[in-house]
Every structure is written in structure tokens, then in C-alpha cells.
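Using the sequences plus the hints, can you model the full thing?
If you read the sequences in order, they're chains A and B. Residue 39 in my numbering sits at position 39 of the first sequence; the count goes up by one each step and never skips. Residue 66 in my numbering sits at position 66 of the second sequence; the count goes up by one each step and never skips.
Hints in this document: simulated from the structure, not taken from any laboratory. All C-beta atoms, glycine included, are put in the ideal place defined by N, C-alpha and C. Don't take every hint at face value.
Restraint ranges, calculated between C-beta atoms of paired labels, are given here [stated by the list, open to error]: (1) B:Ile219 / A:Lys10: 55 to 65 Å; (2) A:Asp41 / B:Ile258: 52 to 62 Å; (3) B:Lys164 / A:His166: 39 to 49 Å; (4) B:Val132 / A:Asn24: 48 to 58 Å; (5) B:Ile37 / A:Lys178: 27 to 37 Å; (6) A:Gly25 / B:Lys176: 33 to 43 Å; (7) A:Gly168 / B:Lys176: 21 to 31 Å; (8) B:Ser5 / A:Arg54: 55 to 65 Å.
So you can see what is in the structure, the chains are spelled out below.
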Amino acid sequence: MEIDLPLVDKQIELLKAGDLVHLNGWIYTARDAAHKRMMEDQLLGNILPFDLQRQTIYYAGPAPTPPGKVIGSIGPTTSSRMDPFTSFMLHQGVKGFIGKGPRSKEIRRALQQHGAVYFAAIGGAAALQARSILKIETIAYEDLGAEAIRRLYVSGMAVYVANDCHGGSIFPEENEYKE
Amino acid sequence: MRQVSASEITRKVSELCMDANYNLNDDIVSALQKAMIQEEDNRAQEVLGLLLQNADVARREHMAICQDTGMAVVFMELGQEVHVVDGDLEAAVHEGVRQGYQQGYLRKSTTHPITRENIGDNTPAILHLRMVSGDQIKITVAPKGFGSENMGGLFFLKPGDGVKGIYDVVLETVLKAGGNPCPPIIIGVGIGGTMEHCTFLAKKALLRHIGSYHPEPSIASMEKELLNLVNQTNIGPQGFGGKTTALFVAIETSPTHIAGLPVAVNIGCHATRHKTDYL
Numbered sequence: 001m002e003i004d005l006p007l008v009d010k011q012i013e014l015l016k017a018g019d020l021v022h023l024n025g026w027i028y029t030a031r032d033a034a035h036k037r038m039m040e041d042q043l044l045g046n047i048l049p050f051d052l053q054r055q056t057i058y059y060a061g062p063a064p065t066p067p068g069k070v071i072g073s074i075g076p077t078t079s080s081r082m083d084p085f086t087s088f089m090l091h092q093g094v095k096g097f098i099g100k101g102p103r104s105k106e107i108r109r110a111l112q113q114h115g116a117v118y119f120a121a122i123g124g125a126a127a128l129q130a131r132s133i134l135k136i137e138t139i140a141y142e143d144l145g146a147e148a149i150r151r152l153y154v155s156g157m158a159v160y161v162a163n164d165c166h167g168g169s170i171f172p173e174e175n176e177y178k179e
Numbered sequence: 001m002r003q004v005s006a007s008e009i010t011r012k013v014s015e016l017c018m019d020a021n022y023n024l025n026d027d028i029v030s031a032l033q034k035a036m037i038q039e040e041d042n043r044a045q046e047v048l049g050l051l052l053q054n055a056d057v058a059r060r061e062h063m064a065i066c067q068d069t070g071m072a073v074v075f076m077e078l079g080q081e082v083h084v085v086d087g088d089l090e091a092a093v094h095e096g097v098r099q100g101y102q103q104g105y106l107r108k109s110t111t112h113p114i115t116r117e118n119i120g121d122n123t124p125a126i127l128h129l130r131m132v133s134g135d136q137i138k139i140t141v142a143p144k145g146f147g148s149e150n151m152g153g154l155f156f157l158k159p160g161d162g163v164k165g166i167y168d169v170v171l172e173t174v175l176k177a178g179g180n181p182c183p184p185i186i187i188g189v190g191i192g193g194t195m196e197h198c199t200f201l202a203k204k205a206l207l208r209h210i211g212s213y214h215p216e217p218s219i220a221s222m223e224k225e226l227l228n229l230v231n232q233t234n235i236g237p238q239g240f241g242g243k244t245t246a247l248f249v250a251i252e253t254s255p256t257h258i259a260g261l262p263v264a265v266n267i268g269c270h271a272t273r274h275k276t277d278y279l
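Given below as C-alpha cells:
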């Protein structure tokens, strides 16, 4: 299934855990440090570096771009580390998250409440995935190096629907997130 | 005494950093191919296929297999007949990591543990230096990503817990890790020694060639049995389910104290990168 970004509600409702989908459009990278700083910025009353409304966040920090390439290798980092920040992101209007590994029960419930979706990219398939990224721009927190916020234009980026907005999960029940 | 210049060590470490990050080892490629044939779950098969395709792209295009190009763990066996000249040995290793990560377009992931300020050049190397006989230097670079490193554990069992206790903590660690360390994983288990030696053994076990079991038959059968148990968890590739949760379990042992049974579990991701060369 082809998905155009930003996500619209109708599309999100159609997504079912386990589906392999292809994303097309802009996504934003943010890892641990960028999440922490965005939350601090919000608390201090600063304007966030981009409008998060309906956007998709990718938990990733790419390798440097080799000559002749658009981007270096890029793949997902462990999503559960971002669990403490996810409620905040959902309240800012984020509709999609891309990462790897299972999420906590609370996050799965929050995704349902906010009508949002969590996608799993293939961890460790980073050279392959770099091919689906057509543009890259560093837009904030450049001092964070690999953890800076980057805007990526993706075309046909293959991800699995991991947690859908109806409570479904790609992970076998016995292997869901362990507290 | 044979003389080896510090700059040769730097060059070799730098080459190995790039080689390990671009070129998935053949034993892992074969294990992934074999798993793909044996796997019954369609999605698990599909994921294994993508990992193999990724390895191919990385090799041909000199790209990192994974964006997390890790902390550079360096195992060095220094022959006692070697005289390192024109520089400091440890500094030469760190410089090799600095150059390899810079020239190879590899991600710089090292950071101050408290302030979280990035060091900027992926140093320091984690250097395990051992003095051995002979006039050669054996260098292994094993870049270790933290998606998998974070999932490891150290356990102080009671001597009476025995083999059953060891199986329990390995399985507990794998189940807790679930889909996070990018399965199919490789599991390094250290048994015995002291606290720090036990964890070292677990790391060293990850360097083992897949399919080459421990020389002691009783340990080898533990490796096989554990692999079998781990592959019944239905974690599967990426945690999506399937019977390929691990490609291999390697155990390293050392005598320990009469009062203890330390066990360390170090999880390696599907790529578990390491390359070795000699000077």
C-alpha cells in the first residue's frame, strides 16, 4: 500500500498492524536528545523547531553522507526509549512514529486515543533504506550531530504497521514490551 | 625484536573499522540464507530477505550495514617479540578509530556519559590488550551498536543454580530484549571468572565463527540446547514472530570462585560485526 504524507485520518484508520506499506513525503528525524530538547523548549515557552501537526517522526540518526550520495546509511533506533516523550508528541499533533521494537501498553493505548500509528522500519537494513530517501535537510539542533532534527523526503520507504489506531500489534502477544 | 611503527597500527585499525562496517561476515550471510530457507513464517522470510539485500547493497556501495556504526571495540594480541616504535600504542589505536570513522563516513556515536555532549570522532576505542608469545600483532575491530548492547545483563547466580540457572537467565535476557536488538541475534555468554572478566568473556564469545562450537562437548551441547530454546520464543526477525530469533549461541568459560557463578549475556544484532587482521 502506498501512503502519502502527512497522514490523514481516513488513511490511518485503514492501516492494520502487520501491513507492509510504502511512505511518500516528508518525515522528521528525532532521537533521545532532540525529544528532550523539544520538551524543554516547550516548557520554556520557546517555539518548537517545526510544526508537528499531523507529522511523522522517525527515531533515527543517519551516518554521515558519503560523496555522491543523498544520505548515509539510516535505520530506526529502539522506540521504547522515546516512550517518556511520546505523550507530549501526540499532544503536539504528531500522527505517525517510525522506529523499531515494541512499545509500552500506555503508548499503545495513547496511539489509539489520538488516532495515531506506529510503524516499524527494518532495524539494521540501513544501506538499503538510504535508497528511498531523496532529500535531506538539517532543520534544528545541529549541535547534536547525529541526533539533530532532519527533514527527509522519502519515496517508497518500506515500513510495517506495528501498532495501528485500533489497538492491533505486529508483535506476538507473548513478546510485547517487557516492563 | 621485530619493529612495528605506531602508524601501521593506526592504518590497520582504520581499515578494519571500515571493513567491519561495510562487509557483513560470510558466516552470518550463510546463516541468514539458511534461516530463510528454514523459516515458515512469510513475514519472517521477507525480513531475512531484506537483511540479505541490505548486506549486498552495503558491500557493493561501501555503505555502513547499519547507521549505528557502534563503539569501536578493539581486541589486540600483542606478540612479546614486537617492539612498537614511533609512537604510543594506545594512542595509535584511538587514532585508527578516529581516522576510520572519519574517512569511512561512519557515524560518531560516542558521548560524555553525563552531559551527553558528543565526543565528535567516535573515540575512545574500547581496547582489550593482551600480551602473547610471538612477533605478530593480531587486531580485531568489533563495532558494537547499542540497540543490542543495552539489552545485555550480568547475573550472580548461586553455585547450586547450575546449568538450569544459566539457561533461565539467558532466556530471561532474550525475552526481555524482544524485538529491540534487531533479531535474529547472536548471543555471547560468559560463565565464570570475576565480574569484569565474565562480561569480557561474553563479548569475546560474539567473535566466534557461527557454527564453530565450544571445544568442550558439555559446553557445546549447552550452546546447541540454548539456541534451540531461544528459537522457540517466537520473537523472530525484528520481533515480528518466527523461529529465527538467534543465529548462534557462543559460550566462553573461565574458572571462578567456589562461592560464585557469574553469568554475563551480551547480545549481538543480526550483523554482529567484527574483522581481524595481522601486522
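Exercise. Which of the stated hints cannot be reconciled with the structure, identified by number in ascending sequence?
Worked result: Those not satisfied: there are none.
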